[in-house]
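Asks: Which chain is which? The protein sequence lines are P and X, in order. Each step along the first sequence adds one to the number in the working numbering, with nothing skipped, and position 264 is 264. Each step along the second sequence adds one to the number in the working numbering, with nothing skipped, and position 75 is 75.
Calculated from the structure, these hints are not laboratory results. It is possible that some hints are incorrect.
BS3-like cross-link-like pairs, simulated, lysine-lysine; straight-line CA separation at most 27 Å [claimed, not checked]:
no. : chain 1 : residue 1 : chain 2 : residue 2
1   : P       : Lys100    : P       : Lys85
2   : P       : Lys300    : P       : Lys206
3   : P       : Lys268    : X       : Lys5
4   : P       : Lys85     : X       : Lys78
5   : P       : Lys100    : X       : Lys5
6   : P       : Lys85     : X       : Lys43
7   : X       : Lys116    : X       : Lys78
8   : P       : Lys85     : X       : Lys69
9   : P       : Lys298    : P       : Lys202
Small disclaimer: the values here were computed from a predicted structure and weren't measured.
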Amino acid sequence: MAVILAMGCRERSRGALNIPGYRPAGIYSAGTAQRLVNIEGYLPGRRVVILGSGDIGLIMARRMTLEGAQVQAVAELMPYSGGLKRNIVQCLDDYGIPLKLSHTVVDIKGKERVEGIMLARVDEKSRPIPGTEEFYECDTLLLSVGLIPENELSGQMGVILNPVTSGPVVNESLETNLEGVFACGNVLHVHDLVDFVSEEAKAAGKNAAYYVKRSKYEAEGEEKKASRQTTIWIHPEYGVRYTVPSVLHMQRMAEEQVIRFRVGNEYKNSVIRVELDGNLVQGRKRPVMAPGEMEQVKLKKKELSAVLEKAGRTEAAHHLVIRVEEN
Amino acid sequence: MEKRKLICICCPMGCRLQVSTEEGKVVSVTGNTCPRGAAYAEKEVMNPTRIVTTTVRIVGGSEPVVSVKTAQGIPKEKIFACVRELESVEIEASVTIGDVIFPNIAGTGVDVLATKNVQKCTKNVHK
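Looking at chain P on its own, in the form it has when it is part of the complex:
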């Protein structure tokens, strides 16, 4: 039997933020607004301010504009956008909606219904700067402030979670620390594009089917072999926040393995460096990288084997480092 964890993620809510002010009607998560407009056919407000530049918030800025609402601004706490560049251009720039970077909500006015939002600029420690407040009259505040993988069940099962992604730690087969338990999609790490979610789901399905179908005899044989297996631990270092997967078993890995990750800051004209036991495997130039856009490197089994053979290393555990090298 195999289990595939595919519970997706949920939106960070207002409760997770520290916004002062009353709790009037008119505050929605971007996903709730999306459901109201696109599925239930209601427009949740006429004059809108959006906090957070996540992709759902950006898409809702355009969606609400098309539905006749006036979207006044998108405020983002960080100095860079949390969403895809494409969405900034096509959802905000196309409609002249200002993106206010390094800004946050410092007050919500209104007791029964939102009457206005006070935005302020923040310093490099994300603290609001007094005197920079700007008031926006509006009836609606949308929150697009991040997504959290739904791993309460996984944790209770004993699946080890990565504190950076809040998703399971998985190997090349997308298998967790529990044998026969796999994970894919937004429960594993939050994606930008559904295409990669589908790709991951397909891989998890295939690996789980293989796990179920192989005979007990084969499994025992593999276990015996496992002691002689070459294991490569992947370590995210400078600039790289996490990787999926976190560990590769050379014997089980496909000819080509995609490693997905996110960077922690905006980087220009830098290089993604991949080293195996200190030997360069790959150095890929990247003109622009941003936290809002998932990155990937493709590792070829042949290349990894070549490095290991050349170094004449025979230990079972090896270490692969992925980091950003700035020029």
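Let chain P serve as the given structure and place chain X on it in line with the hints.
Replies: Positioned in the frame of chain P, the structure of chain X alone reads:
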């Protein structure tokens, strides 16, 4: 000579493009790192188009609205005309993915298609 600044959206790199036009023609594109950027800049300046996604009301369906999109990109300046024209449209259930919901939207020659299935429903009818 007129100059315009654009951000390329062909890939996540988001190259900053500068487009120079003279007498309604593109004379140069700089800042692109691949040929797709140049093609995007030219199209974006000469004839920008967008695929528009929105919803249309359903009568007698299991759901109140159906999601729709334009079959191809329509001229950018027709986006609002397209959405306004669809505002008053009501479609009788059932609807199947790919159904033409509205032909030749806003005189663009482009059809609007359903992107979701909605079944007929006699109970719990949404108006």
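Asks: Which hints from the list above does the structure break, by number from lowest to highest?
Replies: none
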